[in-house]
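K.L.:
Chains A and B, in that order, are what the protein sequence lines are.
Residues in the first sequence are numbered consecutively from 1, following the working numbering.
Residues in the second sequence are numbered consecutively from 1, following the working numbering.
If you are wondering where the hints come from, they were derived from the structure by calculation, not from laboratory data.
Keep in mind it's a predicted model, so treat the numbers as computed, not measured.
Careful: at least some of the hints might be erroneous.
The list treats identical chains as interchangeable, and a pair is accepted whether it falls inside one copy or across any two copies.
Claimed, not checked - Straight line, CA to CA, 30 Å or less: simulated DSSO-like cross-link-like pairs of lysine-lysine: (1) Lys432 - Lys272; (2) Lys123 - Lys6; (3) Lys6 - Lys183; (4) Lys421 - Lys256; (5) Lys256 - Lys272; (6) Lys50 - Lys421.
Number of protein chains: 2
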Amino acid sequence: MVAPLKVGVAGLGTVGAALVALVARQRAELAARCGRPIEIVAVCARSKAKNRGVDLKKFSWFSDPVKLARDPGIDVFVELIGGAGDPAKSAVEAALAAGKSVVTANKALLARHGTSLAARAEKHRVALNFEASVCGAIPIVKTLRQGLAGNSFSRIYGILNGTCNYILTRMEQEQLAFAACLKDAQRLGYAEANPAFDIEGHDTAQKLAILASLAFGTRVDQSAVYVEGISSIAPADLTAADELGYRVKLLGVAEKTATGIEQRVHPTMVRKDSAIARVMGVTNAVTLDTPGIDPITLVGPGAGGMATASAVVSDLADIARGLRSPPFGRPAAALAAGKKAPMQRHAGGYYIRLNALDRPGTFASIARHLAKEKISLESIVQHRRGERPHGGDDPKSPAAPAPVILITYATTEDGVRRALKAIQKTGLIAGKPQLIRIEKN
Amino acid sequence: MVAPLKVGVAGLGTVGAALVALVARQRAELAARCGRPIEIVAVCARSKAKNRGVDLKKFSWFSDPVKLARDPGIDVFVELIGGAGDPAKSAVEAALAAGKSVVTANKALLARHGTSLAARAEKHRVALNFEASVCGAIPIVKTLRQGLAGNSFSRIYGILNGTCNYILTRMEQEQLAFAACLKDAQRLGYAEANPAFDIEGHDTAQKLAILASLAFGTRVDQSAVYVEGISSIAPADLTAADELGYRVKLLGVAEKTATGIEQRVHPTMVRKDSAIARVMGVTNAVTLDTPGIDPITLVGPGAGGMATASAVVSDLADIARGLRSPPFGRPAAALAAGKKAPMQRHAGGYYIRLNALDRPGTFASIARHLAKEKISLESIVQHRRGERPHGGDDPKSPAAPAPVILITYATTEDGVRRALKAIQKTGLIAGKPQLIRIEKN
Numbered sequence: 001m002v003a004p005l006k007v008g009v010a011g012l013g014t015v016g017a018a019l020v021a022l023v024a025r026q027r028a029e030l031a032a033r034c035g036r037p038i039e040i041v042a043v044c045a046r047s048k049a050k051n052r053g054v055d056l057k058k059f060s061w062f063s064d065p066v067k068l069a070r071d072p073g074i075d076v077f078v079e080l081i082g083g084a085g086d087p088a089k090s091a092v093e094a095a096l097a098a099g100k101s102v103v104t105a106n107k108a109l110l111a112r113h114g115t116s117l118a119a120r121a122e123k124h125r126v127a128l129n130f131e132a133s134v135c136g137a138i139p140i141v142k143t144l145r146q147g148l149a150g151n152s153f154s155r156i157y158g159i160l161n162g163t164c165n166y167i168l169t170r171m172e173q174e175q176l177a178f179a180a181c182l183k184d185a186q187r188l189g190y191a192e193a194n195p196a197f198d199i200e201g202h203d204t205a206q207k208l209a210i211l212a213s214l215a216f217g218t219r220v221d222q223s224a225v226y227v228e229g230i231s232s233i234a235p236a237d238l239t240a241a242d243e244l245g246y247r248v249k250l251l252g253v254a255e256k257t258a259t260g261i262e263q264r265v266h267p268t269m270v271r272k273d274s275a276i277a278r279v280m281g282v283t284n285a286v287t288l289d290t291p292g293i294d295p296i297t298l299v300g301p302g303a304g305g306m307a308t309a310s311a312v313v314s315d316l317a318d319i320a321r322g323l324r325s326p327p328f329g330r331p332a333a334a335l336a337a338g339k340k341a342p343m344q345r346h347a348g349g350y351y352i353r354l355n356a357l358d359r360p361g362t363f364a365s366i367a368r369h370l371a372k373e374k375i376s377l378e379s380i381v382q383h384r385r386g387e388r389p390h391g392g393d394d395p396k397s398p399a400a401p402a403p404v405i406l407i408t409y410a411t412t413e414d415g416v417r418r419a420l421k422a423i424q425k426t427g428l429i430a431g432k433p434q435l436i437r438i439e440k441n
Numbered sequence: 001m002v003a004p005l006k007v008g009v010a011g012l013g014t015v016g017a018a019l020v021a022l023v024a025r026q027r028a029e030l031a032a033r034c035g036r037p038i039e040i041v042a043v044c045a046r047s048k049a050k051n052r053g054v055d056l057k058k059f060s061w062f063s064d065p066v067k068l069a070r071d072p073g074i075d076v077f078v079e080l081i082g083g084a085g086d087p088a089k090s091a092v093e094a095a096l097a098a099g100k101s102v103v104t105a106n107k108a109l110l111a112r113h114g115t116s117l118a119a120r121a122e123k124h125r126v127a128l129n130f131e132a133s134v135c136g137a138i139p140i141v142k143t144l145r146q147g148l149a150g151n152s153f154s155r156i157y158g159i160l161n162g163t164c165n166y167i168l169t170r171m172e173q174e175q176l177a178f179a180a181c182l183k184d185a186q187r188l189g190y191a192e193a194n195p196a197f198d199i200e201g202h203d204t205a206q207k208l209a210i211l212a213s214l215a216f217g218t219r220v221d222q223s224a225v226y227v228e229g230i231s232s233i234a235p236a237d238l239t240a241a242d243e244l245g246y247r248v249k250l251l252g253v254a255e256k257t258a259t260g261i262e263q264r265v266h267p268t269m270v271r272k273d274s275a276i277a278r279v280m281g282v283t284n285a286v287t288l289d290t291p292g293i294d295p296i297t298l299v300g301p302g303a304g305g306m307a308t309a310s311a312v313v314s315d316l317a318d319i320a321r322g323l324r325s326p327p328f329g330r331p332a333a334a335l336a337a338g339k340k341a342p343m344q345r346h347a348g349g350y351y352i353r354l355n356a357l358d359r360p361g362t363f364a365s366i367a368r369h370l371a372k373e374k375i376s377l378e379s380i381v382q383h384r385r386g387e388r389p390h391g392g393d394d395p396k397s398p399a400a401p402a403p404v405i406l407i408t409y410a411t412t413e414d415g416v417r418r419a420l421k422a423i424q425k426t427g428l429i430a431g432k433p434q435l436i437r438i439e440k441n
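Here chain A stands alone, though its shape is the one from the complex (with noise of 0.2 Å):
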C-alpha cells in the first residue's frame, strides 16, 4: 500500500466535525477507491476544550492556521476557516507556497482572490479544490471543471443558497409574510442571527461569481455581479405568480449576451413546470444551458455538516488518486477579463406590481408611460375592487388602491426603470412599484 495521503484541517465547526468522523468511517471504502489511504494527522481552531462530538486526541493540535499550514507533517490543508480574509487567506496562501494542495470550503475567499489564488496553485503545481464551495454535496464544480468539459454553455442559473429558498417555499405554501418565515427559519437554524448576508443575495452572488468563472472561463469577480434579495417580495406577488403559471425563486443567473457576461442574483419568476420551480424548501439545484442540446439539472442538499464535508471528501480524494485540474478549469493566466454585461442592458420579461389608485384615466396613464418605453404587455390582471383572488373580502375596500398586475414582454431593465419613474411621478399609484424579473426556462 502506497503512504497515505496526510491531511490537516483548519476549523472544526460543523463542516469540519462531520469531516473528522467522515473520513473515519469511509476510511477502508477511500482506500479502495483512491489506492492510499487518506488520514487525518492534524487539526487546528480556536478552542481545544470545546466538545465537538469526534475524538480529536490522536491528531496533532495547532492554534495558528498558518502554522498547520506549513507544517512538513501534511500533504494537504483543509480549509474550513471561512471568510475572505485572513486567517483564511494567509494560510492557504502559505499552504500552497509550501507545495501544499490545498481543498476549501470557503466561497468568499475564492469569490474575492479566485484567480490570483488559482495562479499560486498552478504555479506550485498543487491542486486547490473547492466543490465544498458551493450547493454542498452537489458536485457542481467537478462537472463543470471536468464532467461537462466537452460543452459550451450560453447560461448557468441556479437556486444556490436554502435559506432564501426555505422562505420562499414557507411564504408561498402558507401564504405567510417574509418576517413570519424567516423567523422560523432563524429558530430552525436555517438562517443565521444577521441574516443579511443569506436573504439580501450576497452567499448567492459569491457562489454565482465562481460557477460563472467555471462556465465561461472568465476570471472570477464578484463586483460584476448584480445583487438583490428577497426581502421585498410580498405574499401578493407569490400568489400572482402562481395565477400565472410562474413561481419566484432566488437564482443566480449567469449568461453570455451580446454584451459580455451577465451575472446576476435576484427574485425571479420561473415557469412552474421548469424543473428548477420544482425545487422546495432548503433544496439547491443547478442548471445548465448548453446549445444544441437539453439542459441539465443538479439538485440535492446545498448544505449541511456531512453534505457539504463530502465534497470536501471528494476532493481530497481526487488529490489522493494524483488528480489535478486547473482549478478553474483552464490556467488561471487564460482566464479572460470577462466582459462585464451591465444591468441596465438586461433584457427579459417583467412582472410588474402596482397599487393604483381608483381614479378616472389611472390605468390609461400608466399604459401610456408603458408604451413611450416600447414595452408591450403580455398579461395584465386587475381583479375587481374588493375580490380578492384567493376568498375573503379586502377589509379596507372600496377605498384601497387596487392592485394590477403587469407582465411584459421581453424588454429592457432601462425601459422598465424609466417607466416606473414615470408611472411613480403621476401619483396615480401608491406605494413603490414591485418588478420581478421572468427567466425563460
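Position chain B against the provided structure of chain A, taking the given hints into account.
P.N.:
For chain B alone, coordinates are given in the frame of chain A:
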C-alpha cells in the same frame, strides 16, 4: 503548445457525426481547457460514400476498426460501433493492448465485459472512459467515479431509458393505450423499429449494471439484473396511480440490502412529489441516496447525437489533461463479486390491480389469501360498479368484472406472488393480476 491528442473514431452514425462537428466547434475552448488541442485524425465506418452531413475528407479512412485501433497515428480510440461482440470488442481490446486510451459509448459491451476490459486498461495504464454509455449528456459516470468519491451509497435509481419514459408520459397525460404511444414514439424516432430492447427493459438493465458497479464497487454483472418491461402497463394503472398520489416510471434500481446488492428494472410507482416522478418525456434522471444526507438527483438529455457526443468529448478532455482513474472507480481486481440479492427476497410495497368477478364472497376470498401471506393493505380502491373514476359510464357494466386496486404495506416479492397465484386459482378474478412495485422516495 503541447502536441495534440490524436483521435480515431470508429462508427459514424448520429453520435459519430455529431462528435466530428462538436470537436471542430469546441476546438479553441478544448485546447484552452486541456492545455493541448484535441484532433480527430482518422475515422472508420462501413460505407465511405454515405453523406453524413460532416466533412470527412481531412481524416484518414479505415474500413477495419481493429486496424484503426492499432494505428500508430492515433493516441485515443473512440468506439461508437455498438454491440457486446465483435468488431466492437476486438477493436477495443486491440486499442488497449496497443497502449491507447479508449472512449466508448457502448453500454452493451461494458455491461457484458466491463470488468475484464477495465482490467486490461489498468494493466496498460491507459484510460477506458464511458460517460456516453449511460444517460447521454448527464455526467453520471464521472459523478460516481470521482465527483461523489466521498460518499457511500445505499441506493441509486433512475429513469435510464427515454423511450419508455416518453411512452409512459404520453399514456398518462393523454390517457392513451401503450400500443398507440409506442407507434408514435417510433414515428418520432424515439423508438426503434424493433422496440423490444427498450420497452422490455434491457437497455435500462445494461445501464444499471454499469452504474451499480460504479456506485457499489462490485463487478459489472448484467445477468444479476431482474428485468421487467412496460408493455403490460395499462391506462387504468396510470389513472389509479394518479388517484393514489403516484406516477408509474420504468426505473433501474440498485440497492444495498441485507441479502446483497439488489439490481432490478421494472415499472415502479413513485410518489408524485419526488424529483424522479417529475421527469417527463425523453428526459433521463438518476437519484443517488447516501446515508446521512438528502438525495442528489441529476436530470438531463439521455440520448441524441449532440448530447452523447458531448459526453464523448468530456472523456477525451480528461485524457488530454492526463486525468486517469480506474474505469469503475477502483481497481478492477478490487471490484467485489457482488452478492446478488434474489428478487424473490425483494421487500417493499406493492400495487395490485385485479379484475374481480361480481360474486358474493369474492373480496373476502382475496383478503383471506393476502392475510395468509401476512400481507397488510394500506389502501383499497374499488369504485361502484358502473361508476368509472374519470367520467362516463362503463359500457360493459354491470356484467364486466370490477377493477380492485390494492396497495400493500411492505412485504416480500415471494409472498405477493404466492398470494396472487392462490387468488387466480379461486377463479374469482378475470385475466392476469397486475403487479407494480412501489419505490420509497
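K.L.:
Could you tell me which of the numbered hints above are not met by this structure, giving the numbers in increasing order?
P.N.:
3, 6
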